[in-house]
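Using my numbering, read the sequence shown as starting at -8 and increasing by one per residue.
Simulated from the structure, these hints should not be mistaken for laboratory data.
Computed from a prediction, not measured in an experiment: that's the story for all the values here.
It cannot be assumed that every hint is accurate.
To be verified - The calculated lysine-lysine pairs, modelled on PhoX-like cross-linking and capped at a C-alpha distance of 25 Å, are:
1. K578 x K593
2. K74 x K45
3. K439 x K496
4. K845 x K85
5. K38 x K584
6. K10 x K584
7. K496 x K516
8. K440 x K451
9. K316 x K516
10. K279 x K119
11. K508 x K489
12. K496 x K517
13. K10 x K38
14. K533 x K489
To be verified - Pairwise CB distance ranges (calculated):
15. L412 x I660: 20 to 30 Å
16. S56 x R4: 18 to 28 Å
17. N848 x T252: 46 to 56 Å
18. D892 x N594: 58 to 68 Å
19. A184 x R463: 22 to 32 Å
20. T252 x S459: 22 to 32 Å
21. S292 x R4: 33 to 43 Å
22. R463 x E558: 49 to 59 Å
23. R4 x E41: 55 to 65 Å
24. G72 x E41: 17 to 27 Å
25. D443 x N848: 23 to 33 Å
Glycine included, each C-beta is placed from N, C-alpha and C at the ideal position.
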Amino acid sequence: MSRLKNIFDQQRRAVALGKLLGRGGEGAVFEIVGSPDLVAKIYHPDKADERKDKISAMIAADIQSRVSNAAFPISALFEGGGKFAGFTMRRVGKQKPVHELYSPASRRNEFPNADYRLLVRTSLNIAKAVATVHAAGCVIGDLNHSGILVGDDATATLIDCDSFQFARENRLYFCTVGVPDYTPPELQGRPFATTVRTQNHDAFGLAVAIFSLLFLGRHPFSGRYLGKGDMPEERAIAEYRFAYSSDRARTQTEPPPFAPTLSYLPADCAAAFETCFGPRGSHNGRPKAADWVSLLQKAESQLISCSASAAHFHFSSAPNCPWCKLENAFPGFIAFPLPLAINTATPADLGQLIAAIRGVNDPGPAQALNGFMPIVQSLPNAQNKGVLDSSATQFIWATLGGILASTILRMGAVPPAVGILALGLSGYFALRSPKQQHANSPRSHQLKKAWDQIEQRYRKDGDNSRLSDARRNAELHIREYNELPSEESRLLAELAQKQRDIQLKRFLERFTVVSAKIRGVGDGKKATLRSYGISTAADVSKQRIEQIPGFGPVTAGQLVSWRSVLEQRFSFNPSLPVDPNEIGRIKSSIVQKRTSLETALKNDLISVRTVAAEIERSRNELTTRARSIWVELKQAEADEKVRIFGDVTARRWVFSVACVATLVVVGAIENPKTPTAPAVNVSSSSTANPVTPATAPAVTSTKAPSTSSVSTPTPLTPGPNSTSFRPANNLGTLAIPSGAPQPTIAQAQPYTLDFTDQTKATPGLQLAPPAAPPLPPAQEIKPLPSPPPELSPSVSMTFPDDAKPDPAINRLSELGYVAGTGLGWDKDSYAALREFKIINRLPADTQLDVVTAKALNSSRAIGRARSFLGSWAADPGCSQGTQLNISVHEARTDGGTCTFDAFLPSRVGWTVRGHCQVGVDRWPATITLSISGRSLVWSSAKGKATYHRCG
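Could you put together the complete structure from these sequences and hints?
So this is what it looks like as structure tokens:
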């Protein structure tokens, strides 16, 4: 930005800004050229005026001279016009945010040699820093993990001091920001801009930071809620639900599984946390920063080494080592790795240095982990034979469900889609491998998952590609160093070859344009030429002159001709030596490059040694842990194979056979093979002597035939003679005398049935037809067509008719949730309605109910442009593009992604529960999003940032 090119301090001395070190919602931090111990914070133009008085008061109070472990403002900075721009402050050395120390995943990379002693000492130094700030008359207010930097030596520095609450000359300057996870219960939901903070409020944030360090990144209010519904961290804090409290009846919350508890801390530290996070602490009863200094100094003296692992340290009052317990509960997890023994000595001789780099042992590619495992021939325990497996209950119920679903599906009792869905769900629960966290999961599945995790970790941490990259980088530096002599010779040779050009240039520089007499070039044009940097004949070129307004080809030709005449007068003198200044400049640049490469090679040696040691350590640690898991896994697999339903492969076979057999059996019952029955002869009764059903002659038979009522006529097919028809279902023969009239469905004439075989009469079974007039020739009687089945009543729809314009869609378009005004509802308008409901704090669905319609038509409806949806950038002008894109499903940056699971009510904006992932690290997150104009404030346990809407 142009405003940064002319910055000066209070003494009107110019301040040259260097490389950008960081950027935030209020401004950016830059190096100061020539002042390696200082940095400059330059506010965004819209933030500078509101911070001017507070920064000036802090500088006038000279707080920095009294507080060595915080970066307070030292000197104000101004733009060229005298407008306040920012301030200078002490540059913090090689320190990193504290959350990179207490998180095991980041600690492994950022603090590879840190153990629990470093975490305790860092907690102590943070408490000292806060106590020093309080002694200087300030209240931090927004005390959180992003405002604390720590180093490898456990030193701690507080930053963002310009946001501290500060009073001077009867004026109070508020701390206007805060992070919910570090805000005490009594301030949850209150506006920070008008809230007076106290040291007791800081004591809560300090205790959260110390707790997170001592408990490896766990938040004191994140636990397992025993009541109904969800319990977000902000609500848990407001209700004093300290997850590790001994007052479980009040908090209704317990620590996460396998997490260390307060019993692993010294008693006085545990009591301090109880007081700080309980209701008593809100009435100025929390331990002060100075109290924590005393408590942690005493606790530090009680640290002892674990008997099982040299990397573990814990308090002597603990019942056992909490880190061994964690590592045993989560195979593959390493709380604290063994410290690396790195040789930092570097040879003074460059040849020895290069040889030392190339001599570092390469462990080679990581071999398959199971190749290092012992051969285990485990025999199943006798008590497991014939025993129902502990995880088989789910399988049995799922299999019964599959049988029931197969029966229903085959009988057609429900629509096919419903039956298939039920069968699919049954198969999912029957065939899936039980998860590790399931209480009744087979032990082998838990161990197999642990084995997969540790094998994946082994492939990642034991991969030697990191060493190859470090060596490749070192070889580049070695090659550059070896090429320095030839590079120097090349530059000197090029300088000698340019002697004629150098002499010519110096000859032409003796002739100025002002003193020359050139036709068509008067004083006015000469002044214009000087303003464009053309002062001597050496500066004259046709291209440069023709680019000057008012100078055409003619004038340019005159000037070039003047230079050409002068060049003809030049005489090259090869005996003149090369300019010593030019030679010195080349040699000086080579010396500087050699010094820089020597330093780089020393760093390369340390880097190569460190990477090689880390690979060896990771392989050894993970192989040792994998060996114990391997032995347990083989024993568990042997035990479960002899249990009933213990083998997953057998389960899948049983489920498949049961479902297929059910389909076959039910199908056979529904469609049996029809047996062949004796023929049925039907003769027409006489019209003169009709026989009604009530007066039909009795049927006598040695066997009682079964009868049934037929609702529709049976299709007839020709029998063996012209006067009989056989039903199509082979139940018998319908005999009609030749010449009889054709019977129809409307005729109610009864017929007598003769259950006699057509070839042989059955004794005792005979019906004699009464006398009847001749009938017309027989013909086939076809059944009437069945009426079509009634359509099932349609399900009432939530949305209006898709073919008609809908005012709700028009309203969604006005609010910016959908483009244009469509005629009907489609997937885009459904998605737009869901976005509207989430933004306006309604249930996250696509139901256009009465409440939704009322909110949609309300004048207070929140439009899309006033929500968190869209693209955001770190700077207001979006000059560097967007860094954050948010939808109702996720928030995505170049570095990672946060997926949204649930939206919770919030008084300051939107609170979202979800999961965030950066690389391979994944963690649950509670995120607060608030909007102010075109700015968005993102707050979570990881920190807070401000973004600006783009587009």
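For which of the previously enumerated hints does the structure constitute a violation, in increasing order of number?
-> Violated: hints 3, 4, 5, 9, 11, 18, 19, 20, 21, 23 and 25.
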